[in-house]
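**Student:** For the record, the sequence lines run as chains Y and U.
Count the first sequence with this note's numbering and you get residues 1 to 229, in order.
Count the second sequence with this note's numbering and you get residues 1 to 435, in order.
Hints were generated in silico from the structure; no laboratory data involved.
Careful: at least some of the hints might be erroneous.
A partial selection of chain Y residues facing chain U, derived with a Cβ cut-off under 10 Å [what the hints assert, rightly or not]:
| hint | residue |
| --- | --- |
| 1 | Pro29 |
| 2 | Gly31 |
| 3 | Leu69 |
| 4 | Ala70 |
| 5 | Leu71 |
| 6 | Ala73 |
| 7 | Leu92 |
| 8 | Glu95 |
Predicted, not measured: the structure shown is a model, and the values here were computed from it.
In this text, a Cβ means the ideal position worked out from N, Cα and C, and glycines have one as well.
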Amino acid sequence: MTLPLAVRDLRVASAGGRALLDVPALDLPAGALVGVRGPSGAGKTTLLHALAGLLEADGTVRWGETELLALGAEGRAAFRARSLGLVFQDFLLFEELGALENASVAAMFAAPVARQAIRDRAADGLRGLGIDPDDARPVSSHSGGERQRIAVARALAGGAGLLLADEPTASLHRDAADRLVDDLIRLVRETGATLIAVSHDETLIARMDRVLTIADGRIEGGATHEAAA
Amino acid sequence: MIDLWLALPAWAQDLAILLALTIVPAIMALLVLRGYAPGALIRAVLRRFGWTNAAFVALIAVSVGLGVGLIAQERGLRQGTAQAADKFDLIVAAPGSEMTMMLASVFLQPSNVALIDGPTYAEIATHPQVRIAAPLAFGDSWEDAPVVGTTGEFARHLSDDRIEGRTWQAWDEAVAGAFVPLAVGDRFLPAHGLGDAAEEGVHADEATIVGRMAPTGTPWDRAILVPVEFVWVTHGLYGGMPPEPSEIGPPFDPERFPGTPAVIVRADELWANYALRSEFTREAETMAFFPGAVLAGLYRVMGDVRQAMSIMALVTQGLVAASVLLGLVILMRLFRRQVALLRALGAPGRFVLAVIWSYGAALIAAGAVMGLGVGWVAAELLSRIVTARTDILVVARLGWPELHLVAGFLCAATVLLIVPAFTVLRQPVVKGLRA
């Protein structure tokens, strides 16, 4: 289930008190594809982490009816497990596990009744991304492109309607990156999920509904442009 | 409740303690793992740092094993020495040190002691409640084997009548202990004295081995038993008689009896031992004592040492547990990132705890179980060394105390493991993701 986002007065400070992120207001409709770009250290990843409830911040981050920052660590984790998938620049898979085990890792801590659904969705997702779910090889033997596709399958296996991606193509060579962008956009469109992707990759940014530019912890403008596709 | 506990047989108490100690980790496992299926992930973590984990398990195994081996060995030694004294109900000797006398007669440790004269011996031997009164004559040897003069009756008593061949029937026949490198039919010439002080060529009389005792688990297994008359004759002590006595064994003529350092007494009845002890405890004449009681006294003195050892073993196990936990804290830093990832993917804290705890508990349990094996091997090796050095058969088996020690270690370590597991869980997710 996808959710609209409403951010108000979001402020993240460093341990030293320096402002890392300052977002007075940000509203995104459910199912939006949003690119986030900006120079290194501008606060892109911090924004993503704040939206995922991974760090302490002031203000409100509201996903649908859920006020994320008001929840404790366990509540936020439960929200992520239910509604939010993450994709990282360097994949962050469990190297010793196979593709399906990685994609369905959430089944390990899901309620027993929900486990099979997660595994099925993970297997379907892997197949849809061109990866054989029955291949038991540890993912360390897969190529970078394959690994990132496994990570995408993992992010969607929980049935999450929100996908946050942090430089998903930055560790891939051009061909693999292009393929991943195609797959990612297609899957998100198919499922109607919201995608917020931090990226330097213009190929990815160009496919988004809306692009935010961050500089010095602030969102500049807020230009909306039609998807290139 | 206490009454009920005391009414239980020892094995039931031991079993109950063991169950109590093992049920705690089991309950912990149940509490952290309930409702989750982290098996694949735990196996992945164990495999990921395979060598580090293996080294860690080996370290735990060795430290647990040494503690186990030591306490098993200590008990084995205590049982072995008690066993060795088993055949020596009551010893009557000239007044002196009971300890010296016990070491000389039971453990064949040579020492200079005063003698009991013929009339006194006759009095003991003819006492109505005395079944066996064996004089002992020490001082000679053949190679490393002490040659001990005594009676045929005592040889049979010592070996429970398990003698291959027969006991002596002539004054120059002998019965070998189980491990003496002489066969039935071999002849040997005793040297005067023992060990480095032995002088060859002093004695001229050879004796023939006619029998061999089954192993007794005592230093007597390395001794050669001869008729006491043989020792007297070779030393020219059996005065006024033909050089080759035709009749051997008791009764001995009190007038010609040259004296004996000790008489091993076996009474008809168990209770009679006490009566005999008080009867032959005479100031300036004889002393009578139970070697078992002397050993018990020794254990009492050593009991404090044992207590200290037990405490040391416990403290050591505690330190091992502490270092294991510290090691795990360091080891767990290796997968800070995986932990952060699990949190980012929405895993509940208890699931992360379950993975970390199970990982650590697997290492500790593997180390503890292997530690039992290491302890068994260590106890076995130590027993062999002690047995070879002392000729006291020491059999160190793993028993309840060892199982309790290992289970206690497992229990304490797995419970305390929750602390490092929590510290890993509490680390900020974002930092972990960037680690």
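**Student:** Hey, does the Leu71 (chain Y) contact hint survive, CB to chain U under 10 Å?
**Tutor:** violated, 12 Å
**Student:** Are Leu69 (chain Y) and chain U close enough, Cβ to Cβ, to be under 10 Å, as the hint says?
**Tutor:** violated, 14 Å
**Student:** Going by Cβ atoms only, is Ala73 (chain Y) closer than 10 Å to chain U?
**Tutor:** Check passed: Cβ of Ala73 (chain Y) comes within 7 Å of chain U, closer than 10 Å.
**Student:** Min Cβ distance, Ala70 (chain Y) to chain U: is it shorter than 10 Å?
**Tutor:** Check failed: Cβ of Ala70 (chain Y) comes no nearer than 17 Å to chain U, outside 10 Å.
**Student:** Could you check if Leu92 (chain Y) really has its C-beta closer than 10 Å to a C-beta on chain U?
**Tutor:** holds, 5 Å
**Student:** For the hint on Pro29 (chain Y), just tell me whether its beta-carbon gets within less than 10 Å of chain U.
**Tutor:** violated, 24 Å
**Student:** Does Gly31 (chain Y) pass the interface check with chain U, least Cβ-Cβ distance below 10 Å?
**Tutor:** violated, 21 Å
**Student:** Against chain U, with CB atoms and a cut of 10 Å, does the hint on Glu95 (chain Y) hold up?
**Tutor:** holds, 7 Å
The structure fails to meet hints 1, 2, 3, 4, 5 from the earlier list, while all remaining hints are met.
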